[in-house]
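Keeping the supplied structure of chain A fixed, place chain B upon it in accordance with the hints.
Listed below, chain by chain, are the residues.
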Amino acid sequence: MTTAVLEATSVSKSFGQVHALSDVSLQIAAGETLGVIGPNGAGKSTLFGVLAGEHRASSGSVVLHGRDITGWNASRVARSGLGRTFQVPRVFTRLTAAQNVEVALVAARHRLGRMTDNLTHDRAMESAAAALLDRVGLASAAGIEAAHLGQGDRKLLELAMALGRGAHVLLLDEPTAGMGRGEARRLVEVVQDLRTVQPELAVLVTAHHMEVILALADRVVLLADGAVRVVGTPQDVAEHPETRRIYLGEDLL
Amino acid sequence: MTVTRAAWLRQAVEVCLVVLLPAAIISAIATDLGIYVWTTVVIYIIFAMGTNVLVGWSGATSFGQAAYFGTGAYAVALLRERELPNEVLLVLAVLASAVVALTLGILTLRAVGLRFGIITLVFGQLIYLVVFRNDGLGSETGLYPVARSTVLGQDVSDQRTFFWVVVSVLTIVAFVLRRMYQSSFGLTLAAMRDDPLRTVALGLPIRWLRLISFVLAGAVAGLAGGLFAQQQGSASPSMLSFALSGHIILICLLGGRFRFWGAAAGAIVFTWAEYHLRSLTDATDLYLGALLLVIVIAMPDGLAKLWDLTTVALRSRSRTSDRDEVSV
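Heads up: the sequence lines are chains A and B, in that order. Note that the numbering used here numbers the first sequence so that position 195 is 195, with each residue one more than the last. Add 1000 to a position in the second sequence, counting from 1, and you land on the number used in the numbering used here.
In isolation and in its complexed conformation, chain A is listed as follows (with noise of 0.2 Å):
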C-alpha cells in the first residue's frame, strides 16, 4: 500500500459521558477516495471535526503529510493542505461568489507578513477565481451574493474555495445532502473531474446515499457507535452482513 497522506491512529473522542469516536483508525493514500458511511450519530462528523482540527482528540493520534498534526487548531491544519466543506454549507453570504473564492485564495497566498499583498487589488486573483468557479461549473454565479445562491450552488461554491485554498486533502461531509437528484449528480461529476485534474487530491466523504459513495469512493468505511466496523470496497462494504444489520434493511443500492 502506498504511503498515507491523512492517517488516524486509535482516535478516541468523548464528549463528557458521550463516547463519540472509540478507537477509530483509518489511512487515505494520495489519489485515493475514501468514503465513510454510518447512521445518524455514528460519529462522522465528530471524525470530521478531529481530523480537521475542531475537536481535540481525546486520545490517539492524527498524522498529516507525515506531520503529527494532533492537537493543532483548525486554522494551523487548513494552512497545512486539508481543505474541508461543512454539511450545512458555510459560504461568506454578503460577498460574491466570486469574492467568496479569493478570500480561500487570499488565505492560501500568504498569511500576514506581505501587507503589500494586502492593499493590491489585482487582477491575477480574480482570474484565478473565476477559473475555480468554472471548474465548479459556478462561472455564471461569479457576481451574484452567496446569501442568494440554492443549497447545491453553496455546496459547490465551498468546494471551489477548498481548492483555492490548495488543499491536497480534502474532507466533504454530506456533500449530496439536501440537493436534488441533478445537482447530486453534478457535485459528483465535479468531484470526480477533479480527481482526473488533480491526480493526487485525496478525499475523504460522508453521504447517506450509498450511489454517490459509490460512484465516487475507492474504499468504504462502515463507522457505527463511533468505531470502525467494516472497511472494504464499496461494493463489499454494501453487501457485508453488519452492514445489513446496521441499517436494518434499509434500501442501501
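Among the hints, a few may not be true.
[As the list claims (entries may be wrong)] Cross-link-like lysine to any residue pairs, in silico, SDA-like; alpha carbons within 25 Å at most:
1) B:K1305 <-> B:W1272
2) B:K1305 <-> A:T9
3) B:K1305 <-> A:A142
4) B:K1305 <-> A:G81
5) B:K1305 <-> A:A128
6) B:K1305 <-> A:S22
7) B:K1305 <-> B:F1175
8) B:K1305 <-> B:F1258
9) B:K1305 <-> A:H148
10) B:K1305 <-> A:P199
Rather than coming from a laboratory, the hints here were simulated on the basis of the structure. All values derive from a computational prediction rather than experimental measurement.
Frame of chain A; chain B shown alone:
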C-alpha cells in the same frame, strides 16, 4: 501595472468627488455658524468611518470607541503648551490612541461577540473614570484652553481655515480606508464578519485580523479626537463618555454599516438632526432616539439603502453587477 494604477486613480477620484466637492460647496455657501457645525460634522465623519471598520467591516463591534477618541483629544490637550505644529500633534494623538487600542486589543484577543463588546465597554468606562477623577487631567472640567495649532507653518485658527484642515484630514483618511476596504485585507475582514469559524477553517489568521482592525479603528478615532479638542478649544470627559461610544455606533447603523460611505452619511444626518432638535426642544435625546429607532427598524441597511434603490433604478438598463458595484 496599469490595473493597479487604475484602481488608485478610481479610488482617488471617488474620494475627491465625495469629500472635496461637497466641502467646496459648503465652504462657499455656509454661514459662520454653519461652518462651525460642518466642521464638527466632518470630525464625526472621520470618527464614524474609523468605528465602522469594526461595526461594519469586521463585525466585532466595540462599545467603547470614545476611549480612543478621548485619548486623542487629551493627548493634544496635554501638549497644548508645547507649541507643536499640528502635523506632529495629530501624529502623537494617533499614536497615543493606537497604543491604548493595542493594549486592549491584545487583552481581548480571545474574546468574541458579546463578551468582546462588554469588555470594550467596561474598559471605556474605566478610562472615563480615571480621567474624571484625575486632577492632573482636569477632572470633570477637563483641560483648556486648547488652541488650533499651525499646519505647514500657517495659522489655521480661523474657523473657515480650520474647516479645510479637517476636510483635508478626512480626505486622507477616506482614501486610505477606501484602499483597505477594496483590498484583500478588507475582503478577509468581511469574510470574518460573515462567518468567523469558516474564516478559521480556511486558515486565515483571524486574531491578527481582529487586532489590526481594532488598532486601526482606535487610531482613526484618536485622530478625530485630536481635531475635536482643537475645534472645541478643550478636552473634556464627555469626549470619553459611553454616550459618545453609543452615538457613534448609531451613526454607523443609521448610515448603513455595510456600505463604505454609510458611516459618513450617518454622521451628517445624525449631527444635523441633533443640532436642529436641540434648538427646538429640551428633550433632544428622546426625539433623536425615536427618529433613529424608526430609521433603523424601517431600514436595517441604513440610509445607504436609499442610495442603492436610486442607483439600481438608474442602472437597471445598463451593465450587470461587478465587484465594484457590490462594494460601494
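Evaluation of the provided hints:
Distance restraint check for K1305 of chain B and W1272 of chain B: the Cα-Cα separation of roughly 20 Å lies within the 25 Å cut-off, and the hinted pair is therefore satisfied. Between K1305 of chain B and T9 of chain A, the direct Cα distance comes to roughly 54 Å. Violation of the 25 Å bound is thereby established for this hinted pair. Under the criterion of a C-alpha separation no larger than 25 Å, the hint pairing K1305 of chain B with A142 of chain A is consistent with the structure, at around 23 Å. With a CA separation close to 41 Å, the supplied pair K1305 of chain B and G81 of chain A exceeds the 25 Å bound.
Taking the CA atoms of K1305 of chain B and A128 of chain A, the gap is near 32 Å; set against the 25 Å cutoff, the hint is violated. Taking the CA atoms of K1305 of chain B and S22 of chain A, the gap is about 53 Å. The hint is violated against a cut of 25 Å. The hinted pair formed by K1305 of chain B and F1175 of chain B meets the criterion: a straight-line CA distance of about 23 Å does not exceed 25 Å. About 10 Å separates the Cα atoms of K1305 of chain B and F1258 of chain B, which keeps this hinted pair within 25 Å; it holds.
A C-alpha spacing of about 18 Å is found between K1305 of chain B and H148 of chain A, which places the hinted pair at or below 25 Å, so the restraint holds. With a C-alpha separation of about 48 Å, the suggested pairing of K1305 of chain B with P199 of chain A is violated against the 25 Å cut-off.
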